[in-house]
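Enquirer: Residues per chain are reported as follows:
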Amino acid sequence: MTSTAVKSRAAASGRAGDKIFSGAALGAGVLILITLFAVALFLLIQALPTFSADPAEITGGEGFFAYIFPIIIGTVIAAAIALVIATPIGIGVALFISHFAPRQIAGPLGYVIDLLAAIPSVIYGAWGYMVLAPALVPGYEWLSQNLGFIPIFEGPASQTGKTILTASIVLAVMVLPIITSLSREIFLQTPKLHEEAALALGATRWEMITTAVLPFARPGIISAVMLGLGRALGETMAVALVLSTGGLIPSLIKTGNQTIAAEIALNFPEAFGLRLAELIAAGLVLFLITLVVNMIARAIIARHKEFSGAN
Amino acid sequence: MSKRIDVNDLNVYYSKFRAVEGVSINIEAKSVTAFIGPSGCGKSTFLRTLNRMHEVIPGGRVEGEVLLDGDNLYAPGVDPVTVRSQIGMVFQRPNPFPTMSIRDNVLAGVKLNGKKIAKSDADALVEKSLRGANLWNEVKDRLDKPGAGLSGGQQQRLCIARTIAVKPDVILMDEPCSALDPISTLAIEDLINELKNDYTVVIVTHNMQQAARVSDKTAFFNIAGTGKPGKLIEYNDTATIFSNPAEQATEDYVSGRFG
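In the order they appear, the protein sequences are chains Y and W. Numbering follows numbering that gives the first Met the number 0, with no gaps: position 203 of the first sequence is 202. Numbering follows numbering that gives the first Met the number 0, with no gaps: position 58 of the second sequence is 57.
Just chain W, with the same shape it has in the complex:
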């Protein structure tokens, strides 16, 4: 079900501009890994390379390799469409499909690639996914209402339900709580704790308390200055990063001296 990710010397570009330089990192299966760092340090860009969403942006390309349980995602002949169905993504702003009902939103990814699903199986999958996203009890009576009618936090959990419905190996989350209120944030954080029983979770966050609360390991990214590429500065157990970091920059950042 869940797989590990190993990144070897990855460079990420927007056309000519190198946004992220030389990242090597090993992400354990069934764990939560947090990426922290100041704005513009390339952590979101790097996250998007893990399911080949980076190349959706015109001019976006990478050098280096990303191994999902040993298989290079960037090997020639690998279809990004397949990669993305194995490695799901939750975005910064909740983005349920506005024209679809809650139920159809959950099934959106399942019905792709011409797959047919029996109604009873679909019902079961919708319930399982919504339960998995701690949303079932709130929406079970209005599955046919538009997903856009939910609150921000509910929409984000709907997006998580949609992501786990396709049974990915890894779930990437790009600042999933930054548009949410504290109560909704708490709901998502609880959910992340449960998700790691079944999935490998990688989360980008600006909120250091959040990283400390939810993650097993933390990676700190930084840039030397504007126009310079972002780099992975330090990667270790979350407790170590926050209490006893090896690098001065990490300590300055986690103690709030900059960023």
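With the rest of the complex left out, here is chain Y:
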């Protein structure tokens, strides 16, 4: 009798716990959706005047598309260069930490990399502005003199070094810790079983990494790169400080180009009326770009689900 009572009470409290937990989890999930929806709605409503306004009243005088297109391209270029630089380095450092470094080095190195992620972006901006940009000037000179026939290195090079390439390098440094830490975590999760399978077949360490570690980590690496891309696309302060803005030009080493986030940040304080709506519309475009990029990443990961090792 007593024991049944105890049992049923325990079962009842277990059920209550389940209910609370599932309720809390559901609430958290719904809250995220509401927040996202509210942000999207805010952007849309505030941006609306831009789309109904007379094209001549928009900054530049040729309508919203002509205004936004160059800075979309600038944003994409800056983020793409940042990823091209940061991805191989990030994966390399992560592999070094997870599979090559002795344990005494791997621990501190991982810690330092994580610390890089904690530095505020304004510091990166100041460093890019005061240290990196002047240091890169001779390099840009050399590029313009020797590779100037390639449009992206067309001279004359910026004398301050405050170019889109400098901004991209700063962005690369900023996304590096994201890519590195996430990749490292994935690499460490590679089943020992698969690593040993490769080694037992006569694989060298590098071949073990290409046959067992990298394929296993592939979806994780893509996620890491996408998170890095998200940061690179949206990074405001560093770009605003480092980049000396201008119109869209192909050369990466001349003054020019602009990114959406920096455009918004630089102009927001003095904007009102239609200008404000314009900037918010620019924000909406940035929001859509990140959304599309993330959907593409999801699609890439899903396409290889069958071979993911999850089955």
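In case anyone wonders, no lab produced these hints; they're calculated from the structure. On a predicted model such as this, the values are computed, not experimentally measured, just so you know. Virtual Cβ for every residue (Gly too), placed ideally from N, Cα, C. Don't take every hint at face value.
Here are the simulated DSS-like pairs of lysine-lysine, each with C-alpha atoms no more than 25 angstroms apart in a straight line [claimed, not checked]:
no.: 1; chain 1: W; residue 1: 115; chain 2: W; residue 2: 139
no.: 2; chain 1: W; residue 1: 166; chain 2: W; residue 2: 2
no.: 3; chain 1: W; residue 1: 110; chain 2: Y; residue 2: 191
no.: 4; chain 1: W; residue 1: 110; chain 2: W; residue 2: 139
no.: 5; chain 1: W; residue 1: 144; chain 2: Y; residue 2: 191
no.: 6; chain 1: W; residue 1: 15; chain 2: Y; residue 2: 191
no.: 7; chain 1: W; residue 1: 144; chain 2: W; residue 2: 114
Using C-beta positions, here's what the derived DEER-type ranges look like [stated by the list, open to error]:
no.: 8; chain 1: W; residue 1: 114; chain 2: Y; residue 2: 116; range: 38 to 44 angstroms
no.: 9; chain 1: Y; residue 1: 141; chain 2: W; residue 2: 68; range: 57 to 63 angstroms
no.: 10; chain 1: W; residue 1: 239; chain 2: Y; residue 2: 192; range: 31 to 37 angstroms
no.: 11; chain 1: Y; residue 1: 39; chain 2: W; residue 2: 117; range: 51 to 57 angstroms
Following the hints, complete the assembly by docking chain W onto the known chain Y.
Expert: Below, chain W alone, put in the same frame as chain Y:
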């Protein structure tokens, strides 16, 4: 094709801890040798020293020599990568590469070290290896499907196919059936019987009936107690080990009195 292994006074360590002490054993070519013994007696550890997989574990090292047809695997200048391509290994849990198709799994070892292989040769090798592992008829219509989609027993035979595709001299098997059902186990045991026509096979097993069924010679390992190193107690023809062992400990173990 197949080679013999002679081990002289081998000690195996995990950092400071000596896991296996003073093993000397002669393993004949084209035979099946079984290692039996209670858990923790060092038989798997010892097996992994035969293709230098032991040193993959941080702190793992050995003293003594392992001769493959007279060549010391632990001589200075010997590349463990070469050793492992000559002495293949099948693990306790089936471990096909999850991101690869069945076909790519079979070819995984062949394509290592930058080797190129023509498509027709590759097709022939895939078929030969899968036939050699008694798996061809079950998978020939789905070679491009993931290897991880097969049943456990099929996965293990895929791993054996992958191992024989690199044409090793010796195949080491570390409890290859312990994660499999009885039917799959039977399939692997039949396969082991066929493999010994071409290869030297060394198998670690917890299943004494299995050792009795598949092996020509049996080695019994034991430990004196926790924290003590494992030792080779007795090594003889399988029939002798199971019917008329020289050591009391062996008799106790094979008759089920302990372990």
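Enquirer: Under the criterion that the straight-line Cα-Cα distance not exceed 25 angstroms, is the pair residue 110 of chain W, residue 139 of chain W satisfied?
Expert: Holds - the C-alpha atoms of residue 139 of chain W and residue 110 of chain W are around 21 angstroms apart, at most 25 angstroms.
Enquirer: Given a hint of 38 to 44 angstroms, does the C-beta separation of residue 114 of chain W and residue 116 of chain Y actually sit inside it?
Expert: holds, 41 angstroms
Enquirer: Going straight from one Cα to the other, do residue 144 of chain W and residue 191 of chain Y come out at no more than 25 angstroms?
Expert: Since the Cα atoms of residue 144 of chain W and residue 191 of chain Y sit roughly 23 angstroms apart, the hinted pair holds (cutoff 25 angstroms).
Enquirer: Could you check the hint for me, namely that residue 239 of chain W and residue 192 of chain Y are 31 to 37 angstroms apart, CB to CB?
Expert: holds, 36 angstroms
Enquirer: Is it true that the CA of residue 144 of chain W sits at most 25 angstroms from the CA of residue 114 of chain W?
Expert: holds, 24 angstroms
Enquirer: Would you check the hint for residue 15 of chain W and residue 191 of chain Y, treating anything up to 25 angstroms between C-alpha atoms as holding?
Expert: Distance of about 23 angstroms is within 25 angstroms: holds.
Enquirer: Does the alpha-carbon distance linking residue 115 of chain W and residue 139 of chain W stay inside the 25 angstroms limit?
Expert: Answer holds: residue 115 of chain W to residue 139 of chain W is near 23 angstroms, not above 25 angstroms.
Enquirer: Tell me if the beta carbons of residue 39 of chain Y and residue 117 of chain W are separated by a distance inside 51 to 57 angstroms.
Expert: holds, 55 angstroms
Enquirer: Given the hint that residue 166 of chain W pairs with residue 2 of chain W, does the C-alpha gap stay at or below 25 angstroms?
Expert: holds, 12 angstroms
Enquirer: Given the hinted pair residue 110 of chain W and residue 191 of chain Y, is their alpha-carbon gap at most 25 angstroms?
Expert: holds, 21 angstroms
Enquirer: For residue 141 of chain Y and residue 68 of chain W, compare the CB-CB distance with the range 57 to 63 angstroms and indicate the outcome.
Expert: holds, 60 angstroms
The earlier numbered hints are all upheld by this structure, with none contradicted.
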